[in-house]
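**Q** First to last, the protein sequences are chains P and D. Residue 1195 in our numbering sits at position 31 of the first sequence, and the numbers go up by one each step. Residue 552 in our numbering sits at position 497 of the second sequence, and the numbers go up by one each step.
Hints in this document: simulated from the structure, not taken from any laboratory. We put the CB at the ideal spot given by N, CA and C, even for glycine. Do not take every clue at face value.
To be verified - If you only want the chain P side, here are some residues facing chain D, beta carbon under 10 Å, derived:
no., residue
1, Lys1176
2, Ala1187
3, Leu1206
4, Glu1218
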Amino acid sequence: MLVNTIIEELRKVFGSGDEGRLAERLILAYKDGGTRAVRLVLHEYLKTLGVNVESREN
Amino acid sequence: MWRVERIEIENFRSYRGRHVILSGDVNILWGRVGAGKTSVLYAIEYALFGRQLEVKERVARLVDLIHSGADEMRIALTLRSGSSTLCIERQLARGGEKLIVRHGGEELRGGEAESRLLELIGADEDVYERLVYISHRTLEDFIYGTARKRSTSVDRLFGIDIVDGVVRVIAAFERALIERAENLRRRLSAYEKYKEVIRKYGGYAGAVSRLSELDKEIAALRERERELTVMLDELAQRRSAHLSRLKESESILVEYYKAKSELEALEAVTGGEDATASTFEKIREAIKEAVEEYEHALGRELLDKLTKSQDLEALSAAMMEAHDALARLLRDMEAQVLELRKFHEQYAAKARRLESEIADMEARLRRLERGHQRFRELQKQYGQLESAKAALLECKRRFEELERGLALFSALRTIAHYITETGLERCPVCGSALSKDAIEALAKSVDEKFGGMIREAERYKERARELERAIEEMEALNAEVLEYLSVRSRLEELRAERDETVRRAVQAEKALRELERKGERLKMLLSRIDKRALLDAVARYSRAARIRELRRRLRELEDALRRAGLTGEAIEIDMRWREAIESLERVTSRLAELYRERALLEDVTKSVGGEAEELRKELDAALYAYSKLEDIKSKLMLVKLRARERLLEAAKSKLNEVFLSLYRYGDIVKVGADLEGRRGYYDFHAIAPNGERYGIAKLSDGQRLSIALALALALRFISNVQLGFLIFDDPIPYIDVNIRKAFIELVRGLAEQYQVFVATQSEELARALRAIMPRSKLFAVVKNGSSEVREE
Chain P
1165 MLVNTIIEEL RKVFGSGDEG RLAERLILAY KDGGTRAVRL VLHEYLKTLG VNVESREN
Chain D
56 MWRVERIEIE NFRSYRGRHV ILSGDVNILW GRVGAGKTSV LYAIEYALFG RQLEVKERVA
116 RLVDLIHSGA DEMRIALTLR SGSSTLCIER QLARGGEKLI VRHGGEELRG GEAESRLLEL
176 IGADEDVYER LVYISHRTLE DFIYGTARKR STSVDRLFGI DIVDGVVRVI AAFERALIER
236 AENLRRRLSA YEKYKEVIRK YGGYAGAVSR LSELDKEIAA LRERERELTV MLDELAQRRS
296 AHLSRLKESE SILVEYYKAK SELEALEAVT GGEDATASTF EKIREAIKEA VEEYEHALGR
356 ELLDKLTKSQ DLEALSAAMM EAHDALARLL RDMEAQVLEL RKFHEQYAAK ARRLESEIAD
416 MEARLRRLER GHQRFRELQK QYGQLESAKA ALLECKRRFE ELERGLALFS ALRTIAHYIT
476 ETGLERCPVC GSALSKDAIE ALAKSVDEKF GGMIREAERY KERARELERA IEEMEALNAE
536 VLEYLSVRSR LEELRAERDE TVRRAVQAEK ALRELERKGE RLKMLLSRID KRALLDAVAR
596 YSRAARIREL RRRLRELEDA LRRAGLTGEA IEIDMRWREA IESLERVTSR LAELYRERAL
656 LEDVTKSVGG EAEELRKELD AALYAYSKLE DIKSKLMLVK LRARERLLEA AKSKLNEVFL
716 SLYRYGDIVK VGADLEGRRG YYDFHAIAPN GERYGIAKLS DGQRLSIALA LALALRFISN
776 VQLGFLIFDD PIPYIDVNIR KAFIELVRGL AEQYQVFVAT QSEELARALR AIMPRSKLFA
836 VVKNGSSEVR EE
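Isolated chain P (complex conformation) (with noise of 0.2 Å):
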């Protein structure tokens, strides 16, 4: 129910393009994996963008 509401608001305000799938695709990430899953998903992401850069662990 939680994790819906923020799914539910996120595709409010996102919309359903590109970014909003990206954004959904980190909260599930961080949902099932934390922060290790959320930096894999935006390592990705960075590389499409031609960007291959890793961030520090916090």
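Chain P is fixed; fit chain D onto it per the hints.
**A** Frame of chain P, contents of chain D only:
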């Protein structure tokens, strides 16, 4: 709702061997720090969610849960809901994990078991850790924290901290992007600084390549330096035996080495060839001959210089001057050749044009020839046109006269025939008497005369017709004849002009061939003796002279050294020693240069690290990515505020009801919550029986604790969690009598609805809980090598 009935732990974390805990409605785990209380709570969580502990980073690696002295572990958890039992058994070995779920007579394993389990308990790991497993952090921040910390703790309950977690990771990537951009800017700035250096090596890749070459070159030179040092030591030792004599003859030796070195250098240039003056003399002769041939153009003075110059400098200067003059002459000749060729081509073209014109005229003349011939024939027959016209007029005049005579004779003939036929004796005209014979003779004479006149008239008539035809034809031919004459005249002119043009073209061609032949000869001479060859010949001649001089001087110096008692061996050693020093100096100097170059290139590669275009592209990409992340981050913050609003609205519906069921002192009759407008923080408040409203800051710690728990329970209610227990892991670690008392009261209230687990390191809290709830179970957790749980 499911309650925990039995917990079986085997080789889990600090628990060695098998341990069984039979739980009650209220379970108090008491023990010092590190005794193993949290391990019992983790055992429940692990049984329910398995690998999620690792995923959520509650443990670094799942295998770390296995007791250090064992190879595998096992947790068996029995849950009960009314008459229904749910048994969960998880085994973990270093090779992998096994799950068995038994429920309603079914035994499920693996993925199927995981799905069924999730379905039965109605909460995933996320909800569990927010609303079931309540850590001291959640409560502390809510009770003691600032408005921001309180909001964060509520966000944690609501699951909105997921957004914060994502935003934190995004911010970390943004920092990394900013660092990358800064780094790229520094590199680009370094690129600008070293632009000239990089360009010198043909680009950044060239600089990198050169750097790797430099390492090899430096290694080779260092080896050479080592070899020379060894050689130098050896030569210095051998040289020491001759040192006194060498020093005495120092000045001669210096000159000797200098001369020898110069000679060797010169011989190296000549390649050991014994240079003579013959080549130089041949070149000189060839140039002189050419200058003589073109003396009329080049002047006598130059020839004199070539003939009379004695010293090498003057002679080589004269040869260079002559070479230049001949080159200039050749250029002039080539210009003349071009001009002559142009003239020749013009004449040839004109001749061709005239030929073509002549051919046209001849064709035209042939076409007019027949008419002209006919005119000539008519002229021959009838004379000139004017004569023919005069003859025609005369002929016509005569014919007219005859016509008039014929009319008269015709009348006479008529009268005569009338008289004859009628037999008249008198003339009907004049009335004179007529004789028959005379009349007959007259008639006969008139007939004869008339006939003669008629024939003559016919001849004139015929002649007039003939003349008319001839005149008409001549007049018709006249224009053609005139054209014929004109064309013939023009043809003669053209033929004369063509003959003249052909003559001039032949003359031009002849002159052209002559000039070309001369030019070719001069060109060959100059190509054979180009300026470089000339300079080379002079240099070689000069070198040869110097070599001869040096050889002579070396012989003299060698004699002097022999007289000074220096043997060839001593000189050889000294010379090699000096050469070795020079070589070593060169190597050292070169090494220093290479070290400097390497240091510079290392700086370039370290501070630039790529081609400018690539760096710029990377910078643009990093800045673009940063802007995208900023956008996503700001939208996520908006999502967070909107989710806060919605979840708070949902929780509010149950908050008051749950709060009043827990808090029974009567000094608060209502609690509520809103979002403050400015920062979006949660704003909790309580209303007293007199209607007065209190903000959360004015509430006691116990009241705040009650609100926090009420909020968590309200959320549990609306989240449809099927787990009927609550876990408090070290909930109140502070020694605060009031809050402890409030907490105990709350647990007593909660125990009416939920199964409760409290893990605490405070014996006092544990005893107080037990005292107020005598039916609760108190477990002492101790550790002596392995953890143990003893029910008291």
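**Q** All hints, please: hold or fail.
**A** Hint check results:
no. : hint    : in the structure
1   : Lys1176 : 7 Å, holds
2   : Ala1187 : 6 Å, holds
3   : Leu1206 : 5 Å, holds
4   : Glu1218 : 7 Å, holds
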